[in-house]
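Turn these sequences into a full structure, and let the hints guide you.
Here the protein sequences come in this chain order: R and F. Residue numbers for the first sequence follow our numbering, so the first one is 55 and each next one is one higher. Residue numbers for the second sequence follow our numbering, so the first one is 55 and each next one is one higher.
If you're looking for bench data, these hints aren't it; they were derived computationally from the structure. For glycine and all other residues, C-beta sits at the position ideal for the given N, C-alpha and C. The reader is advised that the hints may include incorrect statements.
[Stated by the list, open to error] Some chain R residues judged to face chain F by a derived CB distance under 7 Å, without partners named: (1) V85; (2) L117; (3) L130; (4) W135.
[Said to hold, decoys possible] Examples of chain F residues toward chain R, derived with CB under 7 Å: (5) W98; (6) S133; (7) R137.
Protein chains: 2
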Amino acid sequence: MARSYVYETEAAWTGERRARVQSSGTPVLEVSSPPEFHGAAGVWTPETLFVASVNTCFVLTFLAIAQLSKLPIADLRVSAWGRLEKIEGAGYQITEIVIRPLLMIRSEADRERAERLLEKAERNCFISNSIKAVVRLEPEIIVSA
Amino acid sequence: MARSYVYETEAAWTGERRARVQSSGTPVLEVSSPPEFHGAAGVWTPETLFVASVNTCFVLTFLAIAQLSKLPIADLRVSAWGRLEKIEGAGYQITEIVIRPLLMIRSEADRERAERLLEKAERNCFISNSIKAVVRLEPEIIVSA
Numbered sequence: 055m056a057r058s059y060v061y062e063t064e065a066a067w068t069g070e071r072r073a074r075v076q077s078s079g080t081p082v083l084e085v086s087s088p089p090e091f092h093g094a095a096g097v098w099t100p101e102t103l104f105v106a107s108v109n110t111c112f113v114l115t116f117l118a119i120a121q122l123s124k125l126p127i128a129d130l131r132v133s134a135w136g137r138l139e140k141i142e143g144a145g146y147q148i149t150e151i152v153i154r155p156l157l158m159i160r161s162e163a164d165r166e167r168a169e170r171l172l173e174k175a176e177r178n179c180f181i182s183n184s185i186k187a188v189v190r191l192e193p194e195i196i197v198s199a
Numbered sequence: 055m056a057r058s059y060v061y062e063t064e065a066a067w068t069g070e071r072r073a074r075v076q077s078s079g080t081p082v083l084e085v086s087s088p089p090e091f092h093g094a095a096g097v098w099t100p101e102t103l104f105v106a107s108v109n110t111c112f113v114l115t116f117l118a119i120a121q122l123s124k125l126p127i128a129d130l131r132v133s134a135w136g137r138l139e140k141i142e143g144a145g146y147q148i149t150e151i152v153i154r155p156l157l158m159i160r161s162e163a164d165r166e167r168a169e170r171l172l173e174k175a176e177r178n179c180f181i182s183n184s185i186k187a188v189v190r191l192e193p194e195i196i197v198s199a
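Take a look at the structure:
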């Protein structure tokens, strides 16, 4: 398997402080700055795309690890938030990300293994490896009959 | 103005190696791993969301700077690509991002100022400040009558 892959996106200005962005064959996203930086509510922003990238990287990494480890999963929902913070002399930076998985498993007997696999997914998420922010995991595991 | 903002997203597993992700009030995105990592083509992935975040941060930062500097813009399209690379002992990481703005200005007299403002936008993009990758800018400026 190759050791290097390239991912491309195309953005176009659509007026004022708004743009469209797309990657090969994907749905087009409308993007603006967030409301607190003179943008609109209810659309994707660079900030939320960044957090979505970390969030979905965690989800997909965990799904791959759980499949390899044959862990039965009933459901998985993950919320993630990122803190954008002004650093003296360095401008704004995303300094902290918190990932909160809510994992539903089939059996209480799987709880410890599920915990370990969630932690492993956080360590192996390549987007987490690519950013400066401190990433914290706050997992919750529920047995769903 | 506050010095810290929080941005949140919610993801949910939708079967196999796929998920949905949303931020407050935004359209819902279908996300999977890319085809080379057992996923589907034509949908957003953590990799392309990451590059889209850098790309749109550059676009919106430049628009803000151009507006402050009263630079007339005829059009702006920006392609950006990111390299995902296996690092010995550290797994995969996005190591390099190239941002290629195609900026159309109204007058040849604005060219040097436009170049400086593009470079300033790259330096001031807070997503660029938040990642480990080396970010390179390859601008092209065209005068559009």
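Hints and how they fare:
{"no.": "1", "hint": "V85", "result": "4 Å, holds"}
{"no.": "2", "hint": "L117", "result": "5 Å, holds"}
{"no.": "3", "hint": "L130", "result": "4 Å, holds"}
{"no.": "4", "hint": "W135", "result": "4 Å, holds"}
{"no.": "5", "hint": "W98", "result": "5 Å, holds"}
{"no.": "6", "hint": "S133", "result": "5 Å, holds"}
{"no.": "7", "hint": "R137", "result": "6 Å, holds"}
Violated hints for the displayed structure: none, as all numbered hints are satisfied.
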